[in-house]
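Undergrad: If you count by mature numbering (1 follows the signal peptide of the UniProt record, and there is no 0), then the sequence shown holds residues -23 to -1, 1 to 511, one letter each, in order.
FYI, nobody ran anything at the bench for these hints, they're computed from the structure.
You may find that some hints are simply not true.
Said to hold, decoys possible - No farther apart than 27 Å at their CA atoms in a straight line, the calculated lysine-lysine pairs in the DSSO-like style are these:
no. : residue 1 : residue 2
1   : K442      : K322
2   : K202      : K274
3   : K221      : K78
4   : K146      : K125
5   : K146      : K303
6   : K125      : K137
7   : K191      : K146
8   : K221      : K259
9   : K274      : K359
10  : K191      : K159
11  : K193      : K491
12  : K469      : K491
Unchecked claim - Cβ pair distances, simulated, as ranges:
no. : residue 1 : residue 2 : range
13  : N232      : K78       : 37 to 47 Å
14  : K38       : T465      : 20 to 30 Å
15  : D388      : K78       : 20 to 30 Å
16  : I21       : H486      : 46 to 56 Å
17  : S412      : N444      : 25 to 35 Å
Yeah, the Cβ is synthetic: ideal placement off N, Cα and C, and Gly gets one too.
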Amino acid sequence: MKTYLINSLLAVVATCASLTGCAQVPTKKMSGGAPPEQQYTAMILDSVQISGFFKHYPLLKINETEVTDFYRQRGFAYAWFENGTLIEQASNLISRILNFKSDGLSKATPYQPALDSLINQAEPNKKDHQPDIQQELMLTAQYFNFSKAVYEGIDVAASKASGWLLPRKKVAYSAYLDSLLKAPGKQLLAKEPVYRQYELLRTFLRKYSQLQAKDKWLPIITTRKWALGDTASTLRLIRARLYKLEDFAGDTLSNAYDAQLQNGIKVFQDRHGLTVNGLLNKETVAELNVPLQARIKQILVNMERSRWLPVNLNADYVAVNIPEFKMHVYHADSLLWSCSVVVGKTQHPTTAFYGEIQYVVFSPYWNVPPGILTNEVLPGIKRNNAYLSEHNMEIIGRQNGLPLVRQKPGDDNSLGLVKFLFPNSYNIYLHDTPSKSLFGETSRAFSHGCIRIAEPAKFAAFLLKDNANWDDTKISQSMHAGKERYVTLIKKVPVFIAYFTAFADRGGHLNFRKDIYNLDQRLADMLLLGTNVN
């Protein structure tokens, strides 16, 4: 099959061997009676021939500079031929390109129609191929085209337009390809420069696509309240659906609402960010009825976002997933712990961006932002002369005709007892909160954009572990001192504020969350329209 695929790709380019600037480079035979497969020395091409190739294949021309640089770094030696024959990595690459949909790509490979039409015409198991510049350059150009689509995704301007302001990762495509070609016995594209979530989501894309192909996924209609021991045909449908989603391993033919089914419902609820109570309430049934096509689109959108993140970080870092309402703390890419967070409400969304935490501020003042001052504080002062004192606030000056108001440190301070600063233009930071009850909600979009965290003291201890003389006792005392104190971290800690509505958890289970800021559809439209550098 691999030889068959190689023949197919070779057939695409074989007809242009006589084109100007693309003539085949002759090779020198070895002296003596060496067998034919060894009668080749290093084969060389040049930049003129590369330029000629891209004139004949303009859809691949966007990669011309990188292809030329790749060959220049290797002295313009062929990459895909060894001893006059194609190496195994060529077959691996072709196979992967022909299965581009498994990577969630909707944009067909350039010159795919010609390739498809020649697949059925190619003679399988043909072994007497001769090295050819067109074959060589087509493989390299297709590698760059495909790898950019898979590992990089849409261009930076498009990702920013989708609401993603984190810096994009950079991939050294030439160096990556060269290292793979030099590694004997290793499959091309086996260890890919992508964030781990991408690989996991790709696996679930295949599972959900297979499920869609064989299941009609009819709506489950039920409005009654179910109790343990109830029986009904609807419950059999629910058991079957949970089984297909791998949330339930019990009897799918039973009509009973029993403990097994209840546990399966809890697993499903947990994966979808719902209240985990085992009840078939309307929220749970609504999630059970989400069409498979919608879930597939959700996976595809988040595969794209995964392409933009760094492959790994060998250091401490923090990741906040906005739709999950969670903060995750990592050491060298190993999850240490997680906690609940409150993020911005729909009209004040939290921005997805990158920063570096530099300061821990104990017993902080809260400088009231202009929007809150205008919409909440000033109307409050007009209604009640004691508004400022009742809210532990003070006026510290005036600017642009408006008072500058801040809230003093204390238990009722809107920032709580500690905040964590990473300078940015969005005026977003992490902080404690006096409104602890909100962490008990399943949907926690309540803030004006900043991120409230459920375990601020634990987080402060994590950040200050490299600072001398900061133990739990000193942290607690500083939080309740009533006097603001800035502490500069010995080491800045990266923080990624991201937006994933589909992701695999620590146990490898697929999770879905509500698209609280309606960003998925915007990105889906871009992917569908092919807003892509490739």
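Undergrad: Could you tell me which of the hints above the structure violates, numbers in ascending order?
TA: Result: hints 1, 2, 7, 9, 10, 12, 14 and 15 break, sorted rising.
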